[in-house]
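Participant: Protein chains in written order, with full-length UniProt numbering: chain U, 1 to 455; chain Y, 1 to 458.
Since the hints were derived computationally from the structure, they do not count as laboratory data. Ideal Cβ placement from N, Cα and C applies to all residues, glycine included. Among these hints, one or two may not hold up.
[Claimed, not checked] Covered stretches of chain U, going by a simulated chain Y footprint (3 or more residues, C-beta under 8 Å):
#, stretch
1, 92 to 100
2, 135 to 145
3, 210 to 216
4, 281 to 294
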Amino acid sequence: MFLAQRRLCSLESRAKFLKTIYSSKILGLPTSAKMSLKITNAKRIEGLDSNVWIEFTKLAADPSVVNLGQGLPDISPPVYVKEELSKIAAIDSLNQYTRGFGHPSLVKALSCLYEKIYQKQINPNKEILVTVGAYGSLFNTIQGLIDEGDEVIVIVPFYDCYESMVRMAGATPVFIPLRPKPVDGKKWSSSDWTLDPQELASKFNSKTKAIILNTPHNPIGKVYTKEELQVIADLCIKYDTLCISDEVYEWLVYTGNKHVKIATFPGMWERTITIGSAGKTFSVTGWKLGWSIGPNHLIKHLQTVQQNTVYTCATPLQEALAQAFWIDIKRMDDPECYFNSLPKELEVKRDRMIHLLESLGLKPIVPDGGYFIIADVSSLDADLSDMKDSNEPYDYKFVKWMTKNKKLSAIPVSAFCNTETKLQFEKFVRFCFIKKDSTLDAAEEIIKGWNRQKS
Amino acid sequence: MFRNAAAISLQLMGPLQRKKAGASVTRCLHQTLTMAKRVQARRLDGIDHDPWVEFVKMASEFDAVNLGQGFPDFPPPDFAVEAFQHALSSDFMLNQYTRAFGYPPLTKILASFFGKLLGQEIDPLKNVLVTVGAYGALFTAFQALVEEGDEVIIIEPFFDCYEPMTLMAGGHPVFVTLKPGPTRDGELDSSSNWQLDPTELASKFTSHTKALILNTPNNPVGKVFSKAELELVASLCQQHDVICIADEVYQWLVYDGYQHVSIASLPGMWERTLTIGSAGKTFSATGWKVGWVLGPDSLMKHLRTVHQNSIYHCPTQGQVAVAQSFEHEQLHFGQPSSYFAQFPQAMQRTRDQMICSLQSVGLKPVVPQGSYFFMTDISDFKSKMPDLPGDVDEPYDRRFIKWMIKTKGLVAIPVSTFYSVPHRKIFDHYVRFCFVKDESTLQAMDEKLQKWKKELRP
Numbered sequence: 001m002f003l004a005q006r007r008l009c010s011l012e013s014r015a016k017f018l019k020t021i022y023s024s025k026i027l028g029l030p031t032s033a034k035m036s037l038k039i040t041n042a043k044r045i046e047g048l049d050s051n052v053w054i055e056f057t058k059l060a061a062d063p064s065v066v067n068l069g070q071g072l073p074d075i076s077p078p079v080y081v082k083e084e085l086s087k088i089a090a091i092d093s094l095n096q097y098t099r100g101f102g103h104p105s106l107v108k109a110l111s112c113l114y115e116k117i118y119q120k121q122i123n124p125n126k127e128i129l130v131t132v133g134a135y136g137s138l139f140n141t142i143q144g145l146i147d148e149g150d151e152v153i154v155i156v157p158f159y160d161c162y163e164s165m166v167r168m169a170g171a172t173p174v175f176i177p178l179r180p181k182p183v184d185g186k187k188w189s190s191s192d193w194t195l196d197p198q199e200l201a202s203k204f205n206s207k208t209k210a211i212i213l214n215t216p217h218n219p220i221g222k223v224y225t226k227e228e229l230q231v232i233a234d235l236c237i238k239y240d241t242l243c244i245s246d247e248v249y250e251w252l253v254y255t256g257n258k259h260v261k262i263a264t265f266p267g268m269w270e271r272t273i274t275i276g277s278a279g280k281t282f283s284v285t286g287w288k289l290g291w292s293i294g295p296n297h298l299i300k301h302l303q304t305v306q307q308n309t310v311y312t313c314a315t316p317l318q319e320a321l322a323q324a325f326w327i328d329i330k331r332m333d334d335p336e337c338y339f340n341s342l343p344k345e346l347e348v349k350r351d352r353m354i355h356l357l358e359s360l361g362l363k364p365i366v367p368d369g370g371y372f373i374i375a376d377v378s379s380l381d382a383d384l385s386d387m388k389d390s391n392e393p394y395d396y397k398f399v400k401w402m403t404k405n406k407k408l409s410a411i412p413v414s415a416f417c418n419t420e421t422k423l424q425f426e427k428f429v430r431f432c433f434i435k436k437d438s439t440l441d442a443a444e445e446i447i448k449g450w451n452r453q454k455s
Numbered sequence: 001m002f003r004n005a006a007a008i009s010l011q012l013m014g015p016l017q018r019k020k021a022g023a024s025v026t027r028c029l030h031q032t033l034t035m036a037k038r039v040q041a042r043r044l045d046g047i048d049h050d051p052w053v054e055f056v057k058m059a060s061e062f063d064a065v066n067l068g069q070g071f072p073d074f075p076p077p078d079f080a081v082e083a084f085q086h087a088l089s090s091d092f093m094l095n096q097y098t099r100a101f102g103y104p105p106l107t108k109i110l111a112s113f114f115g116k117l118l119g120q121e122i123d124p125l126k127n128v129l130v131t132v133g134a135y136g137a138l139f140t141a142f143q144a145l146v147e148e149g150d151e152v153i154i155i156e157p158f159f160d161c162y163e164p165m166t167l168m169a170g171g172h173p174v175f176v177t178l179k180p181g182p183t184r185d186g187e188l189d190s191s192s193n194w195q196l197d198p199t200e201l202a203s204k205f206t207s208h209t210k211a212l213i214l215n216t217p218n219n220p221v222g223k224v225f226s227k228a229e230l231e232l233v234a235s236l237c238q239q240h241d242v243i244c245i246a247d248e249v250y251q252w253l254v255y256d257g258y259q260h261v262s263i264a265s266l267p268g269m270w271e272r273t274l275t276i277g278s279a280g281k282t283f284s285a286t287g288w289k290v291g292w293v294l295g296p297d298s299l300m301k302h303l304r305t306v307h308q309n310s311i312y313h314c315p316t317q318g319q320v321a322v323a324q325s326f327e328h329e330q331l332h333f334g335q336p337s338s339y340f341a342q343f344p345q346a347m348q349r350t351r352d353q354m355i356c357s358l359q360s361v362g363l364k365p366v367v368p369q370g371s372y373f374f375m376t377d378i379s380d381f382k383s384k385m386p387d388l389p390g391d392v393d394e395p396y397d398r399r400f401i402k403w404m405i406k407t408k409g410l411v412a413i414p415v416s417t418f419y420s421v422p423h424r425k426i427f428d429h430y431v432r433f434c435f436v437k438d439e440s441t442l443q444a445m446d447e448k449l450q451k452w453k454k455e456l457r458p
């Protein structure tokens, strides 16, 4: 101890000596001027600081506002999920680190579930990665596989992080919008919004590294058909590109529609990363667990990103999720299985929401999947005059006005667009319907009141 | 392109045919022709190797006592377990997203708790970011502030992720080594004996230096940097306008009356320091993966940008449990009943017990002032058994560990893993033990050591 102290003293005096030598006063440099010179952010995040959710969640946080904005269920997760969760806290081993690429019982459950769906063997350790939400899977995929100078095709409207993550990786997003087919007399459906195959083909070139596909689609609710996916698959194969398939809403598909996995198409398993979400599967968005499934020659790069970013995800919730999966895997044909019961429950809510929006005189696009509905709100002719000086798109202003004046919040669809396409979608607003009946009742009251005001 | 693809397909055909027996040849060829271009991003170059995989595999294959990886094998304190239980079974809305940058009651308690410790007014919304473990905090900091052309000073030996995280951000790691001073015969080496040479440290700063990463208490040495040592680092950071990333995950695990000092509390340092903490290490709950960063808004805003473009939200319930655990601690802080006092006291006893035990087989521990770990000098083994089996260029300590796992049933970590590649051959005579273990683990260790000791007798 004494020796250590002696050494410490000598170090201290040396430190003081050096401090004098290096004192900025002697070097004649003003400290405050030097301080701000270098502390700048890395270029990779340049321009990525604003975020639609941060802005609008704050706005909707007022408890008097009926929040149909953020995709957050206010319904309870299924009872057995809550039960598994409460058992978990009693298991001590779950309080410590688990396997970095995914808790063993969870990857086993995921492999078992998805083997049935993909009709192929899926190696739980080499072909599955558990991530911090599907958001984390998108990040791992893009950081792992997309390079500076690459092009990535993004379909508009898009879940907003696709663009920012692609840019953060130093790559260039190449946009292609979904275009509406004219509808005469019948209800506007998400299936009426399609990609023009020639336009899509024109976006592919030798620099195209990947295309990001989201089915069921947020915000429109489109469920891509086999034929539509074949067009995309053919182009991926022709141009030797990857397909990043965001399928978080895979279970939320309504009557008359079927979720199809592009990774099951010939030639596609080898080039596709399919992303799923516990939050969307079991209505537990706060668990932030997602997964990527794909061939090992791609997954291994996502795993490299994992070991250099978060290393491992939280243990207890992974175990609870595994247990919840085992319960439902055993009864996949049962109507009680959450994968079957939730879409049934949500279809009723969807139809109710459609009806409400129609009663306001709007023409909502009936979604074939997902838990959002978009509608053109310009016919409401809201008085946005006090925001006329803002150069925000119409839907941003509308949502702010609606939140303030009608105590109803939603999300502006132009937030899901790039600069060039914002105008195409700026009259659209997105409503979330994975809400409990009392929330939808409150929304109904507001809409009835609104109607009375109009007439 | 097709010529290359054909060559690749010939190589891949073999394993693919085994995998897809019966599939048509055309489909096989079709699939092997996929992704002829290089698929992974360049930022992964040189960072894909995981040094832990081999040892984890070996530890499970042989019946070995795991004193390697740094996690407790005993439960978190009761109040923390209760807090987690409560978080999981109370308000069902806790199953949904919370505020992206941190569950508000958690950021509030972190701000007030650490504000007092750092002597700084901390705003829970602007100066606190909750991350997925301290690991996630480190990643967020590097991505936000380090880029191509930047140099990052890393003090060796270092927690192994600092180097790949620097590289992934396009930065250039610049190493400076903690060097042990001489020890007197018969005396055990101490982590306080391991020091930076001030002149050498100063020489590492250039106009390209963006950040210095400081880990105190240090893993693997166990060094607790003194105020004087921190003042030296601080003055150089200010001099050269460098950011200090302070990894302080073991801040409560300090022994022998030493004091943890946060460099952010020194004059002029709050503005340029990011202080990283870990709930896992604080509450013996590494599996919760809740960490945080504290710092000035001018830096934190950039971390928030990375955060919202990487994982966006952290899981809610873990944060709720950590908030409640801190609230509990705040009531007891400074008193003998405080976990932050009791836990290091208990670990000091475990440390001493393990140090004593390991010496009986000729391992020479370096007594740590802090952290979960201590290193032991294996030079004697190196001179007595220089040719342990291993790969051609494998450092001695790795070969020693494999031998120890296989023949002695004990797992530790080779310290060369924590050194830059050029230095691995020089610092290949230490292995790291984790002593934050249960009584039963220590007993199992003692049994293995008894056997080992018997085998030492001629």
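Participant: Could you run down the list of hints and mark each one as holding or not?
Facilitator: Evaluation of the provided hints:
1. Check result for the stretch 92 to 100 of chain U against chain Y: holds, 6 residues qualifying (beta carbon to beta carbon below 8 Å, three or more required).
2. For a cut-off of 8 Å, the count of residues in the stretch 135 to 145 of chain U with a CB near a CB of chain Y stands at 6, and the three-residue condition holds.
3. Requiring three or more residues with a Cβ within less than 8 Å of a Cβ of chain Y, the coverage given for the stretch 210 to 216 of chain U is violated, as only 0 such residues are present.
4. Counting residues of the stretch 281 to 294 of chain U whose CB lies closer than 8 Å to any CB of chain Y gives 7, which reaches the minimum of 3, so the coverage claim holds.
Hint compliance for this structure: hint 3 is the single one not met.
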